[in-house]
Amino acid sequence: MKEFKGRVVTPGTCSTEAVVTHQGFNTLASLQKALQFGDKTAKVNDQNNPDLFGKPIAGKALCLPQTIGSTTGGLVLYCACKMDRNPRCMLFGNRIDSLACAGAVLASVWSDAKMPVIDELGEEFLAYVKDGMKVTVREDGTVTVE
Amino acid sequence: MELTLEQKAILDGERGETLAKVMKTLVMYGEAFDASKMVPVTSDYNHLVTSFGLGVMDPVYELMDTLLKEGVSSSQKFTVDPRPLDPNVPTGFLQNLVFKRFMYNKQDFYEKQLQRLGLLEKDAFTCTCYMSEVGNKPNYGEVLSWSESSAVVYANSVLGARCNRNSGIIDIMGSIVGYVPYFGLLTDEGRKADWIIRIETSKKPEAQLLGSAIGMKVMEDVPYVIGLDKWLGNELNEEACTYLKDFGAATASNGAVGLYHIDGLTPEAKKLGKSLIKENAKEYVITDKTLQEVYDSYPIIWKDKEAKPKLCFMGCPHMSLQQLKDWTDVIEENLNRYGHPQVLIPTVFTAAPAVLKEFKKTEYYPRLEKTGIILSYICPLMYMNNPLCAKMPVITSSNKLRTYTTSRYYTDEEIVMQLCKGGR
Chain F
1 MKEFKGRVVT PGTCSTEAVV THQGFNTLAS LQKALQFGDK TAKVNDQNNP
51 DLFGKPIAGK ALCLPQTIGS TTGGLVLYCA CKMDRNPRCM LFGNRIDSLA
101 CAGAVLASVW SDAKMPVIDE LGEEFLAYVK DGMKVTVRED GTVTVE
Chain Y
1 MELTLEQKAI LDGERGETLA KVMKTLVMYG EAFDASKMVP VTSDYNHLVT
51 SFGLGVMDPV YELMDTLLKE GVSSSQKFTV DPRPLDPNVP TGFLQNLVFK
101 RFMYNKQDFY EKQLQRLGLL EKDAFTCTCY MSEVGNKPNY GEVLSWSESS
151 AVVYANSVLG ARCNRNSGII DIMGSIVGYV PYFGLLTDEG RKADWIIRIE
201 TSKKPEAQLL GSAIGMKVME DVPYVIGLDK WLGNELNEEA CTYLKDFGAA
251 TASNGAVGLY HIDGLTPEAK KLGKSLIKEN AKEYVITDKT LQEVYDSYPI
301 IWKDKEAKPK LCFMGCPHMS LQQLKDWTDV IEENLNRYGH PQVLIPTVFT
351 AAPAVLKEFK KTEYYPRLEK TGIILSYICP LMYMNNPLCA KMPVITSSNK
401 LRTYTTSRYY TDEEIVMQLC KGGR
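Each protein sequence line maps, in turn, to chains F and Y.
Counting from 1, one number per residue, gives the positions in the first sequence under my numbering.
Counting from 1, one number per residue, gives the positions in the second sequence under my numbering.
Each hint should be verified, as a subset may be incorrect.
Not everything, but these chain F residues come out facing chain Y in the computed CB check (under 7 Å) [as the list claims (entries may be wrong)]:
# : residue
1 : Cys14
2 : Gln47
3 : Ile68
4 : Gly69
5 : Thr71
6 : Asp97
7 : Val105
8 : Val145
It should be emphasised that the hints constitute simulated quantities derived from the structure, not laboratory data.
Please read these numbers as outputs of a predicted model, since none were measured by experiment.
Ideal Cβ placement from N, Cα and C applies to all residues, glycine included.
Just chain F, same shape as in the assembly:
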């Protein structure tokens, strides 16, 4: 078990299973198919991301360095939250990028979704956390991985 301290972008608490990508999470490429074709588990459809391709992320703790790609990213994430197909929480190794931040903030201000988003957890966090590990997020941005 290990504890990491990050910065709270949008607050909340949760405890769930981790899915991990070590490369940038391309929000549009990953989620468009799931949103368009009614996949409630939100299986990632980004062919360029071998860490996540084909894995469901709805309800999971998505652990990632940052998001990349199209500037639809924020609204795709916002839609995923409104449609209940979002990760349970998003845990960033780096500082959050502008697109993911937009999605998190839009979801927080304009929807009832509660998706805690923590960033700056560090490289060590991403090196330690593995798919299937239990992740607990606390209000102050502390993340426990076991």
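Please arrange chain Y on chain F, whose structure you already have, making use of the hints.
Coordinates of chain Y only, in the frame set by chain F:
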């Protein structure tokens, strides 16, 4: 974040609850990046990314409806990304049904919404809004609230405007309140380069391949590219701008680049030179071998890897007028050389409606028509993103299209061979 009295009043709800929520969104967004203040949006026009009436994007249309109902709109008109449908582009019966009945069944509704929100004109749908023919070309130093990754990176890098990589919805919100949070690419410090990229190739690198290599390496950092002016020259002429359009789109989609500097060419690099490079900048050398390795690393996800292509898309981002003319020459010349009257694969060239209108006035238009190539204003990405099209073997020289869809990337030269000779 320090707010002016006017900004604070908006946040406190003095101009209505909805506008307060818009301001709250922008403040929270800015605070996540330690923005010290909000600064005025100074461009004439805005540019939005959301152009598609996807049935499942109801949350977006509901939000737009809320803004309209509350009378919360912007005085700034805007252009928007390309339409997802065009009857000129070949579709089967089933595809047509899926597109119109299921996927884009909100297109008409959404276009009406956009017109009420301030669409510049009814055909202002393109990702290359900065083309002279379209007329949304910001000036050096202007502050924007744009989205669309390829347009943002172009505006920042080639035009010297200042814009963060805003997401859809955030784009229109900045325009509505007239302010955007001051951080990242809006600041002098945020425009400094984290990477030095040295180009040491034996020939002019393929724009889309070079952009991909740099994007994948630097992710969202700012690269300062040395050695590209050897191939592009030191003037931002039509040819250089077209190259940088395609190069930038690849850096932005294969990574998350919002600004690059080209030594001796782009405006800030010309003005400030190597003083734009941060002290501990990392270095990445690009050779012919690097580009070949990047090319070879692209996954081919066609079921039958040897399938004969059924469609070719060129123009993601949309082609420039000069590009349409140049490609007409190249296709015509190669069809003559290999003895074919028309291209061997159904092919679509895409460009902004305003660019297509100008192109159709030139002597190139009937020549291109004769080659069998179809002209369209469509967004190839939106066309491709469904299970029916995803199964089709589609080829392209766009690295953005490759990244987001199942289409297969070839260099421009390989595309010409496939279209005019057959095979690579």
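Hint check:
no.: 1; hint: Cys14; in the structure: 19 Å, violated
no.: 2; hint: Gln47; in the structure: 5 Å, holds
no.: 3; hint: Ile68; in the structure: 4 Å, holds
no.: 4; hint: Gly69; in the structure: 6 Å, holds
no.: 5; hint: Thr71; in the structure: 4 Å, holds
no.: 6; hint: Asp97; in the structure: 6 Å, holds
no.: 7; hint: Val105; in the structure: 5 Å, holds
no.: 8; hint: Val145; in the structure: 23 Å, violated
When the structure is compared with the earlier hints, violations turn up for hints 1, 8 and for no others.
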